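Q: Given the coordinates of chain A, work out where chain B should sit on it, guided by the hints.
The residues making up each chain are set out below.
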Amino acid sequence: MEITNAKYVNNTYMDEVDHIEATIDGEVWSVPLVEGNRFYNEIMRQVEAGELTIQDAD
Amino acid sequence: MSFVKAGGFRGLQSDSDDIKIDTSGNVAFINNNIVNKNLLINGGMNVWQRSTSASSLTSNGYHSVDRWQSTIGAIGTWTQSRSTDVPSDQGFSYSLKMDCTAADASPASTDLLIIRQQIEGQNLQHLLKGSSSAKSLTLSFWVKSNKTGTYVAELQDTDNSRAISKSYTVDSANTWEKKTITYDGDTTGTLNNDNDDSLHVLFWLGAGTNYTSGSLQTSWAGSTDVNKAVGQVNLADSTSNEWYITGCQLEVGENASGFEFEPFSTTENKCMRYYEVSARSAMGVLTMGPSRNDATQVDAFIAFKVRKRATPGVSESGVSFNTNGNISTQGTRQIDNDGFNTAYILNGNQTSYASKNGTYKADAEL
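Here the protein sequences line up with chains A and B, keeping their order.
Each residue of the first sequence is one higher than the one before, starting from 668 at the first, in my numbering.
Each residue of the second sequence is one higher than the one before, starting from 85 at the first, in my numbering.
With the rest of the complex left out, here is chain A (with noise of 0.2 Å):
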């Protein structure tokens, strides 16, 4: 799975992280902050093994 451009986005209501933006495999998802969703699970996996960084929300 080619993961980047990973991105925390907030929640323009409350002002708090709600999902990772992410162009995985070529197309840009949103990806919820869930153990379980195979994308997260990736995306933290890469994370903790340095292959990843996610940029902080605007």
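These are calculated hints, taken from the structure and not from any lab test.
Every value quoted in this text rests on a predicted model; they were computed, and no experiment measured them.
We treat Cβ as the ideally placed atom computed from N, Cα and C, and that holds for glycine.
One should not assume that every hint holds.
Which stretches of chain B does chain A cover? Using the computed rule of at least three CB atoms under 8 Å from a CB of chain A, they are [unchecked claim]:
1) 142-151
2) 410-417
3) 421-429
Stretch by stretch, here's where chain B covers chain A in the computed footprint (C-beta under 8 Å, at least three residues) [claimed, not checked]:
4) 673-680
5) 684-693
6) 701-709
A: Here is chain B on its own, set in the frame of chain A:
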């Protein structure tokens, strides 16, 4: 009271059993279509929401056919496609075809090539795994390949890191053959009663020595890599190689019954629990009226056709609006099992009807 004890029954005109009863009392109606006996989804390879063909494959993923994941670990390059080459007079419309387009005749020790399906634990509780009453499982499928020889079909209990492998043989080149494999029940390791993966069904197609150098583990035991795919041929050793499969069924008991043909919509709905793509270029009329007193932000909620296994990832494409040009930027996206809501920031007040068009994908696969 008197009893008739029998292992099978057959009709007057039949030369084989129409009803079979195994040693644990599980009854298999060989030609009847008992609903939901198949633990696998899309075993007939009918649903292909992502694509009917994917080429230049060298990595893991759900590339085309629904529910079937490819594990391609540095062993050749592949085209995976929907084929109309099926066993004759069996009722199947499609098969899954794996076509080698770049060969790897000498795989490294860690290389592996697998087609697999993962099953939720909450759908497997009736197997009684981990108890003294654990049920046997029977896997049946049709397979065809130019590459004859030994192949391996493995079950993996991912909750308890246990596994069992059985081999089958493709006897005749380029000929559809039906294979039936029975796995003993496992009296060790209960499966979690949840929506995560608990059992994997793996069709091995190639493996390096890390998976082949031991003894094939034909009884349930702790998962040991070297014992997983002993004897497995290397389907990646030539660009002439092809492998087709359809009619995959995993059922309780020691006998294989006839394949469970179900309406397309039934299979499609089962698949959509894990992955869904909207089928039209317009998502339809959306409720996107002003939702705040100051009317500087509007919400667009889209309900999934089928509730998802878990909170999915969402991807949209071709999004456009009918909002008099008022949309400024996309704001929050909230996703749950039932749908997703997207907030949009407006340049000014939106006082008239608004709509949003485009397509979406939602992925909650295991």
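Q: Could you work out which earlier hints the structure fails to respect and list their numbers in ascending sequence?
A: none
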